[in-house]
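J.: Taken in order, these protein sequences are the chains called A and B.
First residue of the first sequence: 0, per numbering that gives the first Met the number 0; consecutive thereafter.
First residue of the second sequence: 0, per numbering that gives the first Met the number 0; consecutive thereafter.
Source of the hints: derived by calculation from the structure; they are not laboratory data.
Incorrect hints may appear among the rest.
A pair counts as met if it fits within one copy or between any two copies, since identical chains are not told apart.
Within a straight-line C-alpha distance of at most 20 Å, the following computed EDC-like cross-link-like pairs (lysine to aspartate or glutamate) qualify [claimed, not checked]:
hint, residue 1, residue 2
1, K401, E324
2, K24, E395
3, K24, E396
4, K649, D626
5, K547, D572
6, K299, D191
If you want the building blocks of each chain, they are given just below.
Number of protein chains: 2
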Amino acid sequence: MGNTIDRILNPRRLAVIGASNDPLKRGYRAIKTLLADRYRGEILPINPRAPEILGLRSYSTIEAAPGEIDLAIVCTPAAAAPEVIEGCGRKGVLGALLLAGGFSEASEAGRVLEERTLEVARRYGVRLIGPNTNGLFSARLDCNAIAWFDIPRGPLALLANSANVILSIVVEAQHHGYFGLSTILSVGNQTDIQFHEYLDAFAADPGTGVVVCYVEGFKNAPAFLAAARRITPEKPIVMFLSGRSAEGKRAARSHSGSLAGDYAVGSGTLVQAGVTLVTEAQQLFPVAEALSLFPPMRGKRVAVLSEGGGVITIAAEALAARGMELATLDSRTQARIHAIVPAASAISNPVDAGGGTDPRATYYGSISRAILEDPNIDALLLVGFFGGYGRRYGDEEAAVEKQVAVELGELMRAHGKPVMVQSHYADYRTEALDILRKGGVPFQRHIEIAVHCLAAAAQYHASRRRIVASCATHPAALPAVREIVARARAAGRSALLETEARATLVAAGVPMPANLLLRSPEDAARAAQLFGGQPIALKVVSKDVLHKSEAGAVRLGVRGETAIADGVRAIHDSVLAHVPGALIEGVLATPMAPRGVELIVGVTRDPQFGPVVMFGLGGIFVEAIRDVVFRSVPIALEDAHEMVGGIAFKALLDGVRALPAVDRDAIALLLVKVSALAAAHPEIAEIDLNPVIAHAGGYTVADARAILAAQ
Amino acid sequence: MGNTIDRILNPRRLAVIGASNDPLKRGYRAIKTLLADRYRGEILPINPRAPEILGLRSYSTIEAAPGEIDLAIVCTPAAAAPEVIEGCGRKGVLGALLLAGGFSEASEAGRVLEERTLEVARRYGVRLIGPNTNGLFSARLDCNAIAWFDIPRGPLALLANSANVILSIVVEAQHHGYFGLSTILSVGNQTDIQFHEYLDAFAADPGTGVVVCYVEGFKNAPAFLAAARRITPEKPIVMFLSGRSAEGKRAARSHSGSLAGDYAVGSGTLVQAGVTLVTEAQQLFPVAEALSLFPPMRGKRVAVLSEGGGVITIAAEALAARGMELATLDSRTQARIHAIVPAASAISNPVDAGGGTDPRATYYGSISRAILEDPNIDALLLVGFFGGYGRRYGDEEAAVEKQVAVELGELMRAHGKPVMVQSHYADYRTEALDILRKGGVPFQRHIEIAVHCLAAAAQYHASRRRIVASCATHPAALPAVREIVARARAAGRSALLETEARATLVAAGVPMPANLLLRSPEDAARAAQLFGGQPIALKVVSKDVLHKSEAGAVRLGVRGETAIADGVRAIHDSVLAHVPGALIEGVLATPMAPRGVELIVGVTRDPQFGPVVMFGLGGIFVEAIRDVVFRSVPIALEDAHEMVGGIAFKALLDGVRALPAVDRDAIALLLVKVSALAAAHPEIAEIDLNPVIAHAGGYTVADARAILAAQ
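Let the hints inform the model, and build the full structure from the sequences given.
T.: Below, the structure is given as structure tokens:
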């Protein structure tokens, strides 16, 4: 399949259906651009009347054209699509690119037309790109079917829900001059071929080194996640995913009709699959360039080198904001720097080699060497006016600077550590910067963007290592859980009772506190015996009580037989007063949870991304803050640790005031077990453990709910 | 004073001390740049030996030079400074610019030298710029004493702790081509003239329209705040303040020796004074440019206009992230847009006038007019390829586009609403963009930066309105509070007892819950009578007990005479067991606070910014999240409302789960009262109301502490 799509995207012979000699028509411009870009395949214009178009022999129908055809570029109006695809099918064309709009994005009639077209395509095995697309560009055979000129070539494959965003990046590449495109796909309505299939084709394309995606909505998010997970260990995927805000969702819907999903779910599962997400469109191109140039970044420890202050402060702030580390240089490295520039203002990191007003581009080479040899450092960031020495200080300094530019590229490769340059002179593309970039070192005008590139590299390579090392095996279903679910369904319930939810967790290997279901006040003696003098919590177990606290169905800190019996009675009375006729299974007695940090662990089935496990901070306020992360199930232990370390206020897990630090290993294991349960049991739609009280000795699941999938 | 500094910054006659004929020396380059920039004043080289320097008559000493001298540019080494300033003093020079480093930033000996120099300067009334500065540029008389070439002229005054940051912005201005500088000041060690005095001079300078500051640390933050408050209603101040992270603080310290203060305090008080803070250096120049061009922005409601989707989604996400509003266009406006482009993909806001592939620059003019006439809209953002029509579609479309560019400037002025353009073609500076910018409409390459400019404008103009409308009168001291403090001091205490802190708040007009100090268990009857059956809290009042909970000195939910008496006894016993010999004033009885949102209100004396009032979320976790805002005291009611609406998780104030919405007016009034208390009573160093339980009916101050200032 990948092979078919590769042939469609890089066609050796293509037909232009609706080819025209009228320069205002798309069927003219398509051929014009193909010729202008010196397409290295064969063009077969299809036109029922004209015998020749733009100097090429034309055919009346596609079936009349000779030989195999990989791609048909369809320039005819929407209404003709089913018939055109029928012709393609009979001819055995591999794929068709439907340029016209007026399908499902436009009207109900268009939707029907799109379905009919797809049905014809499926019948004959013709794969469709679009409809409602601006076209395709692929560099391998110089197939420019997107009708824009001067597209720079390079390792970047671009996949987008928006032609406007594609244009923005193409213009950026044109002005940039160093980094260009291998493939461009304006995916259109994704009626047939969808994001993930293009991804697989890019994975196999030797001309593609990095993929940039602009996504307003997925048609098949789980397939995308699976494809991304296959590809990201080899090639980075840099993505802007819309839907962070209600406003963004609304705009995306008005544009592409896409229903953006929950951003927290989307971003969590995409990061899990190794995707590099950016939240600003301006980061797409710089990050893609940097990831395609950098050697693997081993950690987050960045050294900053400058001549002069101010910029080192800005760099330090930006690195801290992005979660990078300014590791202190080894004392031997510091001694070496001191020997190179005795008057240096700072040598521990950031390094400020300034102190005077004399030009000293030469220092950058020797100091960079010392820094890159330091085992405490994973990457080097130069900030300030490197790239401008020649311009500022004349020819002699320019020669030195150019030599240093060569050295920086060599050093990056020799040490296998990213080198990034921020230069005040970036917009001037000085000779030194040109040499630098040709040597593989990217440069940026602004510190924040440069830092973002390094942070993205650190995150990408950490994801790569995680994906390669970890393997979440698909867990087997548990007979005990099947039985619990079957019994609940037999009883006509769509949710498990708390006792059943707890039993399910126990079956999944989750340690649960001792508990006892008291069927009547008379069971108080057994409870008192089991729990001794420790205070316990009592709460009703009843399918008819949804809000236990409001129904007076919870008693906390109860101690001793008499109090327990009183509590059970009071709960019965209160429940029956609130919910007359409620069916009460009993009252659940559990020990009071020890003090700790309130967490939430849950499972939901996301309408786009499928089953996901959630982790976050609990408690009434923090829940409103919604500091939660998601991953697709099942997860590996490494994923679980990333989840625990991935919440915004993770500092709260390290001990707050009187509370001890949370046992992260235990929580990670809980996440793995709950995710395995969700993966193996699609019949359980939702799980909600809230709160999970985490403490130094582990955790206590204080409440457990589970909702069954609709049958 | 402002006038003197204005003369120093724009000298009509200046001396160059240490003038030289050696091209490698600063005393040569200083004169060279002044001549190259056609300085319109008179240059008096001072050199004991050379009779002529660079063709100018030279004098052996400054005293030998004729006439009045406004500024001496001192190029001699640090060690000579006291003697040189002595000469300046005798001559009656107004100001001296000390270029040399080697003062307090370098060593203890340097610090002593700097103090001696300052002492001489003070004796003679010579004002000092620097030392350790890269110099000064001022456009009025083309006084370029910073030794860089080709500085573009414009309304931007630049004030910075870092020559490197200044250079970055100068290079940005050079490349930008439309926006330049009125004054540049590398402030150096700020031994004498400090940030705020320069600010006052900029305020009076007709050539300055906007100030950009890069600040690593203030020498006199309260003076800066006062100056900023005077200036920002007239001229925006755009600032990057370092110190957001420990890493940034460390880097700033290694660079300028600055001790960055608490960023939350600094940013809160600066915003209060109308300063526009940016957190990325890349935003400084674009925001300054936009603020200097835009008419006042009346609110946060932005309309987005594009031809084509994708970019409208990105714009919507960016606007939401910056707290801007995408207000729906009036139905009449929508009808007008529909009439202009019947096929438009979206007309409510964002507006997507696309739908086909034809060029249509002309639509931008008429649609922009309709949008700007809409009363629901405060500003217009164009995104996409405006500026590139001519380049893409040829001369005919170029002519239309240029006409629209003219119109957009006219529309902005006619409607007094900011218009901002993001163009994929910004880097190409097309003719249309050139016309646009000359007509006063700024353009940017990236959506996020364009949005940031609009957000900064909305915030700046809101601050202006607040500062002009509000006036926090300095409150008078309260006799009752003075008495409480005097009594506490007489008793040898450095903190108030809780009863005293409560009485202080009552004196300041803060409604406090009823309370009773129980001196012995026998007082329980009075308490039972006062509080009736409601549950009360008991806690010890003792200067010797710092951690009440740990000392077992708090009992909650106590009800009825017997329980109260038992509680008082238990507290006595427990306190004496924990703190043998503790002096117990009694046990304070207060009603249990109703359920509500836990808040913190406090006062501290910041070492840099002076007395500040703090507001934030309380509770054990949320405190660790540290969601707090600060303002200088006293505050106006408008400041208090900005504080309440300024915390990150303000959504928690609008009602969470079972909790009702907080009464924001009541909380704002509490902040005003506490801030007045702090302003009028410097003898109270700190106040800590934690928690304040906010509820629909107001609030309950559940605990109050106050620490006295050292005497």
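J.: Now look at each hint and say whether the structure bears it out.
T.: Cross-check of the supplied hints:
1. Taking CA atoms no more than 20 Å apart as the test, K401 paired with E324 passes in neither setting, with 30 Å inside one copy and 49 Å between copies.
2. When the C-alpha separation of K24 and E395 is checked against a cutoff of 20 Å, the pair qualifies only between copies, where the shortest distance is 18 Å, while the shortest distance within a copy is 56 Å.
3. In this assembly of identical chains, the alpha carbons of K24 and E396 lie at most 20 Å apart only when taken from different copies (18 Å versus 55 Å within one copy).
4. Taking identical chains as interchangeable, the C-alpha atoms of K649 and D626 lie at most 20 Å apart whether they share a chain (9 Å) or sit on different chains (15 Å).
5. Taking CA atoms no more than 20 Å apart as the test, K547 paired with D572 passes inside one copy only; the shortest distance there is 13 Å, against 39 Å between copies.
6. Proximity of K299 and D191 under a CA criterion of 20 Å is satisfied in neither setting, with 41 Å inside one chain copy and 42 Å between copies.
When each numbered hint is compared with the structure, violations occur for hints 1, 6.
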